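2 protein chains.
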Amino acid sequence: MAVATQTLEQLCINSIRFLSIDAVEKAKSGHPGLPMGAAPMAFVLWDRFLKFNPKNPKWVDRDRFVLSAGHGCMLQYSMLHLTGYDSVSIDDIKQFRQWGSKTPGHPENFETEGVEVTTGPLGQGVGNAVGLAIAEAHLAARFNKPGHNIVDHYTYVILGDGCNMEGVASEAASMAGHLKLGKLIMMYDSNSISIDGSTDLAFTEDVGKRYEAYGWHVQYVANGNDDLDSIAKAIAEAKKVTDKPSLIVVTTVIGYGSPNKAGTAGVHGAALGGDEVTATRNNLGWEYEPFVVPEDALKRFRKAIDKGAEAEADWNQRFAAYAQAYPAEAAEFTRVMAGELPEGWQNALEPVTHKETSTRLLSEACLNALAPALPEFLGGSADLAHSNMTYLKGIPDFQAGSYEGRNFRFGVREHGMGAVLNGMALHGGLIPYGATFLVFADYMRAAIRLSALSQVRVIYVMTHDSIMLGEDGPTHQPIETIPSLRAIPDLLVLRPADAKETVGSYEVAISERKRPSLLAFTRQGVKNLPGTSVEGTKKGGYVVVDAANPDLIVIATGSELELAVKAADALKAEGKAVRVVSLPCWELFEEQTQEYRDSVLPPACKKRVSVEAASSFGWHKYVGSEGAMVSIDRFGASAPGPTCYEKFGFTVDNVIATCRQVLG
Amino acid sequence: MAVATQTLEQLCINSIRFLSIDAVEKAKSGHPGLPMGAAPMAFVLWDRFLKFNPKNPKWVDRDRFVLSAGHGCMLQYSMLHLTGYDSVSIDDIKQFRQWGSKTPGHPENFETEGVEVTTGPLGQGVGNAVGLAIAEAHLAARFNKPGHNIVDHYTYVILGDGCNMEGVASEAASMAGHLKLGKLIMMYDSNSISIDGSTDLAFTEDVGKRYEAYGWHVQYVANGNDDLDSIAKAIAEAKKVTDKPSLIVVTTVIGYGSPNKAGTAGVHGAALGGDEVTATRNNLGWEYEPFVVPEDALKRFRKAIDKGAEAEADWNQRFAAYAQAYPAEAAEFTRVMAGELPEGWQNALEPVTHKETSTRLLSEACLNALAPALPEFLGGSADLAHSNMTYLKGIPDFQAGSYEGRNFRFGVREHGMGAVLNGMALHGGLIPYGATFLVFADYMRAAIRLSALSQVRVIYVMTHDSIMLGEDGPTHQPIETIPSLRAIPDLLVLRPADAKETVGSYEVAISERKRPSLLAFTRQGVKNLPGTSVEGTKKGGYVVVDAANPDLIVIATGSELELAVKAADALKAEGKAVRVVSLPCWELFEEQTQEYRDSVLPPACKKRVSVEAASSFGWHKYVGSEGAMVSIDRFGASAPGPTCYEKFGFTVDNVIATCRQVLG
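Sequence lines, in order, name chains A and B.
Residues in the first sequence are numbered consecutively from 14, following my numbering.
Residues in the second sequence are numbered consecutively from 14, following my numbering.
Think of the hints as simulated: they come from the structure by calculation, not from any bench.
Take these hints with a grain of salt, some might be off.
A pair counts as met if it fits within one copy or between any two copies, since identical chains are not told apart.
30 Å max Cα-Cα, derived DSSO-like pairs, lysine-lysine [what the hints assert, rightly or not]: (1) LYS552 x LYS368; (2) LYS41 x LYS406; (3) LYS552 x LYS252; (4) LYS312 x LYS246.
As the structure is a prediction and not an experimental result, all values here were calculated from the model.
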């Protein structure tokens, strides 16, 4: 095919392909197969449908695009560059996958403007997209007024076989079908190849039928390589179906254009190699040097700049009209989309400091106090609302027909929930929370990690935080869960001891704009302790019971702080100088000055005992080599909570005995 | 309904119900709803179909039963007791959910004979069942001979709405459909109630259609409360379909029989309460005291004892005939089902100690050396066979039509893979392994935890174990992964440094009969180091470079051991007494005597430096308060591996500098 015979559209599509090929080739690393196969659908989507302004990637009413098959990121970088985003220059593309570049090996929202979500771990993007679509539906229901559709955009996804094999995507898709998210449109790049070879090896289900079972509208495009009009027709049709999310199964050839590697796993995740690049150039009639985009093609792509500017200008005008008609709503919309908190929002939490009950019920009180103060605060549980105590009273459910609702019913879909929360947060305008039993953090750990990596304010409300949950037994009792979560970078893990610390934990979680927080709450009742404070909690660690020159420091978190205080009281009665330190959040404590940390944990005092109903893993950092830990380094057991607590050594007597041992 | 009017079958079914009700009531904790609703299907299954011998729960050719909805465990305990298992006496049932009882809050294979797998975390049981059915299919293909069906049993499952919402079950079901596991039969207790209320709140998909899309045979029983014959007919029909797994959607009423709570979420997870128990007794015409089973019912149930003995005797006879015709195969079958290893199996690994390459390629060499030595060794990757290097060369794939194959194509279904591996191991006769990138341990962490809790020999082969994987970037680079896995009780985490340590790691993993092992391997090449050893590896930690009275100890794992050795060499050249300790497996090291541990890490030497390309979380245990850690306490970055390594401080120079700092 000589260039002369290429239509302008073919020229554009091949521009996408060769930018991707050349970038991968230069990096000698990456995934050319997907961009080569999915270039036509991406072109049609961006050229004919996607609403975006390259010069303002943050325009709030833009359509959201998610490349769930994140390994194919050169597709996305190519589109961003070609359509005129400043975030991806041709030099950035030449720096693909290099240290410090704007074009990392998988799309990262925090690195590249125009990338909405961080993908790569397969399936997550589907969940993110469901979250984005939820956010749109909610904000539209909340803010739009008759004649004023200020929130009105679509969420588009390109996903591959890998995403469709992942359970997290299944969970999210089931949720989306239930919620009838009509503005979610996914294009499934069905190329019948995964890393190990043909999908016949492992993946022979009827994907379209499965999505129909979830309640999706499903269409097929038989020739996704050439038939641009059928792709366009399917997208247009999908937009018309307003009460179901849409899946468009687009049959493509992976690595389209490569004469020897197209349609094989060999083109999935490695550079084509010089000879095959040449062969592909010849095969597609591509006469341009590496990284050269033909002028005609670039001109066509760059029409997006004017088109985007117009679209945003139109929206700005419409928003101005809205602001005139509904000034309060417009101000509120502007506030929530900027992620700013209203003045004095913390005041709502103060009354909770006077309550005394389990921290999960204190959490419930916080959630319900925050709900009126922060209308952007919303969430729910993975089918454990009445155990996690996460229901916002008097507020409707978020359901098809009541998208203004703020109580979410995520179903028993922890992993899907996590991915959805990330999408909700990344949309902007919302502060989402999700809940389950602490031990089931394991089910959604990949999504929690992505909350941290993506720098989003997602709040994980995790109850039943120790063996004190009792009879459900070792499958439900967290042991290593808290330590393993503390190990995740940029995640705040908070385990408050009582009412003041619970309030402090929520203050932290809501205030953190670029970090997720995971809050661990008790099932059982706890006492309010003298010496605890909201302010101390916000520092991550602080002195609860003081002794000027302590012989011994007892460090505890959560429900075990009471044991520490009682043990200290007993030892002090004997004349020992014992200090008690509450350490509800290690990460925040580590961020305090060395001076503050040393004032709380004086390095000179090496006799230290930790008390936490969890694995000792990690505690040596604070306890040192001369200390001891009251902890559980085995799986739990099925018995009433207090029995477990006692049998595993969580008694005042045992804490005292351990302290005596350390004191020598 | 007076007792007189009850048929014997109704009497039996109500016996199940009231044992469950009474046990939950006495414990004041538990889940009566499922046992009450699913009692009819359980009765039909156990009475008319299930092949088992109560007096020998370990009979190898028994049918396997999995209660994936593990919270309904009183159903299973009731069945075990009623049909005459010694493991669950009436006193055990009275001890439901109490400390040390045989009847914990969720079914645990390691506590209760007759319980095949540990369930409770929802969806896992479906994956386990797929693994059990895979094991049956493989062993049948391997051992059966014309006229000798010594392996010929079914895997039955009862699962609920919760299981069907979980992605892990979706992944496993897709896998089972692909593999055409005809002897897997699941009964879906469709009661339209989950914990938070009606499934209308969150779960409105067409489950049957979804399973059809997976390639399952799907049937419906409209009245699962009374219509025993329809249940039986459906099971019989399912058995006839040999090329598809079967789902039977059985519509039931949760808490059937409770006049005020049946059909509500209130009966799911709490005792009925005295009044409602009385009302239920009246409603079902149940005149017996708590824990009393009517004699006629017990007699009917206990027929299982003779029936089971006969079934096993018949099998024993058939196995004797098999042993006569195929003595070698019979001996081999007996060996593998006992989980015993053949004499001298380790010898196969010796040649690998002389190779020098990346540890993932060394792992490949070990896998391929073990394959002929251990015919029960089998597994595969979650679509990364060519990255994880897990393919057993010259051995067929395990696929429909080649169940004798030992190479598994799990697809991009990490979580499903983990749950399937647990089932394969729990079946007996197999030593399964599964592979993915180390960072994606997060996707299957809930299954890994259950491997440990269930005490199974599952081997996780995890490659690309650090930032040295390079360009794929932070989504793919493990940072906190290794520490977070070390935190799991009873899981061996092994990170070998070179050929000898890789061989040692496989020796450990294969030898451990009751613990899972997770092996972390490099993408990049490593050097064989003088001083490493297979024996040292098996101790978890040992001295690699010695210094009699060390001034400083450098402790390292995996690929960083080379940096430690080089740094030590440089410092020794300056006259410093530096010891290098390799610590490939913390858990094994902790199991050595105090004397041995002190000989490796003398307590007197407090100047210590750790080197591991991972989070420092947990390292204070070995490094102490005077030491330092060369580690990464942030997310990684997209760049070539060597660039990442250098930028994050993994250079000999930086290790030396850190050592100097510690030496002062």
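Checked hints:
1. LYS552 x LYS368: within (22 Å within a copy, 52 Å between copies)
2. LYS41 x LYS406: between (56 Å within a copy, 28 Å between copies)
3. LYS552 x LYS252: neither (49 Å within a copy, 62 Å between copies)
4. LYS312 x LYS246: Answer is within; shortest intra-copy Cα gap is 25 Å, inter-copy 68 Å.
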